[in-house]
Amino acid sequence: MTNPIQEAIAKRAARELEQGEIVNLGIGIPTLVANYVEPNYVYLHTENGMLGVEDVTEEDIDPNIVNAGKFAVGEAIGASYFDSAASFAMIRGGHVDVAILGVLQVDEQARIANWAVPGKNIIGVGGAMDLLVGARKVIVTTTHTSKDGKSKILKECNYPITSTRSVDTIITDLAVFKYINGQLHLVELMPGVDLETVEANTEATFVNSLK
Amino acid sequence: MKIYNSAEEALDCVQTGQTIMVGGFGLVGGPLTLIDTLVELDVKDLTIISNNLGEQGKGLGKLLEQKKVKKAIGSYFTGNRDVGDAFQRGEIEIELLPQGTLAESIRAGGAGIAGYYTKTSFGTNLAKGKETKMFKGEEYVLEEALQADVAIIRAYKADTLGNLVYYKTARNFNPLMATAAKTVIVEVEEIVEVGELKSDEIATPHLFVDRVILAKKILTKEGVIEHD
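Line by line, the protein sequences give chains X and H.
Following this note's numbering, the numbering of the first sequence begins with 1 at its first residue and continues without gaps.
Following this note's numbering, the numbering of the second sequence begins with 1 at its first residue and continues without gaps.
Since the hints were derived computationally from the structure, they do not count as laboratory data.
Just a few of them, taken from the derived set where beta-carbon distance is under 7 Å, the chain X residues facing chain H:
| hint | residue |
| --- | --- |
| 1 | Asn64 |
| 2 | Arg92 |
| 3 | Gly126 |
Ideal placement from N, C-alpha and C gives every residue a C-beta, glycine not left out.
Make the full structure from the sequences, and use the hints.
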């Protein structure tokens with residue numbers, strides 16, 4: 001089932017991509033971004049070992065072609081497969097242009113937490129730490145607040161951080177922020193959202209750079 | 001290299017206390033036939049190196065259920081809540097590694113490299129207790145290579161020499177693990193005569209491979225099916 005809030009975030013994130021970029025999409029909202037880019041506009045990389053991911057129709061599903069979320073995907077023209085070490089060499093080695101990731105929290109230094117929740121019995125990190133150190137540009141997509149209404153854009157993450165690297169762009173259901181010269185800048189309001197709503201739901205300090 | 005008639009015979013070298021690498025990314029590229037036999041063996045205190053540890057009560061998850069796992073080394077145990085629960089009860093040790101570090105440590109283990117420095121995980125909880133070093137103004141974390149007594153992996157086809165080719169995203173950790181264990185056991189969908197695989201398409205040359213069996217479990221659109 002599609003969730004209109006998630007779809008709106010994904011659609012906005014797709015506009016950040018430039019033609020020909022190598023893009024890695026994380027699990028959750030980031031996966032939806034693929035629905036809003038023209039076929040062959042970018043090259044989608046998935047860390048389980050494929051460059052050239054595209055959508056697949058139900059009848060064309062091959063159970064041995066999946067993305068990092070273990071969902072069936074298709075093979076674009078010019079696609080290639082490689083082992084996990086080569087895949088992460090691409091990521092760590094700076095050969096991936098953009099990573100779009102989901103987050104649990106992001107702080108005012110644009111550092112993210114997305115792999116562990118204190119007190120919860122879920123143990124996993126996947127490729128998130130590698131993508132943060134290696135991708136040229138990192139975009140995060142998230143709902144602005146948690147289910148209980150708490151801001152996810154905090155002064156400081158209270159969950160364990162994923163990297164000391166700051167992300168470049170934060171896209172939520174309320175707004176778009178860019179991290180420029182050590183400060184979070186509010187650069188855009190999502191359709192139908194006013195500044196007061198963003199201020200009320202953002203714990204982190206940010207500069208208002210709306211045009 | 002020797003071709004075995006069954007998973008039972010191919011796994012007769014597995015012993016209590018050993019370290020076992022298991023290929024696959026979830027079910028995709030997992031040695032499903034060998035895993036199902038491994039869980040039936042009368043061995044315990046195993047260290048399992050694998051990206052995931054199956055699902056609750058499925059695949060490698062069964063090994064955990066039977067308390068045969070002493071330690072799990074991997075990157076994503078999220079799909080099996082039993083892992084977190086067993087860890088909380090102190091029943092297993094866990095070494096959580098970023099997925100790229102897991103892959104590179106296995107690669108290093110098979111390539112005669114004892115350790116290497118990576119930027120990944122610097123400044124996070126996963127780097128706690130690990131040596132760090134500055135190179136060209138950036139901080140790196142020292143990671144050590146991984147090796148195993150036995151690797152169980154999945155390939156698409158083997159020839160009678162043990163050369164392997166893989167299929168699509170079922171490749172993942174398999175070629176790496178083929179290099180990093182004393183005994184490498186492979187299940188394949190088809191065994192062909194030597195010469196039938198194109199030399200420049202062979203991904204794992206036969207010198208890495210010890211034992212080959214025909215897979216009895218195949219991943220299909222409808223799930224995992226048995227075949228003879």
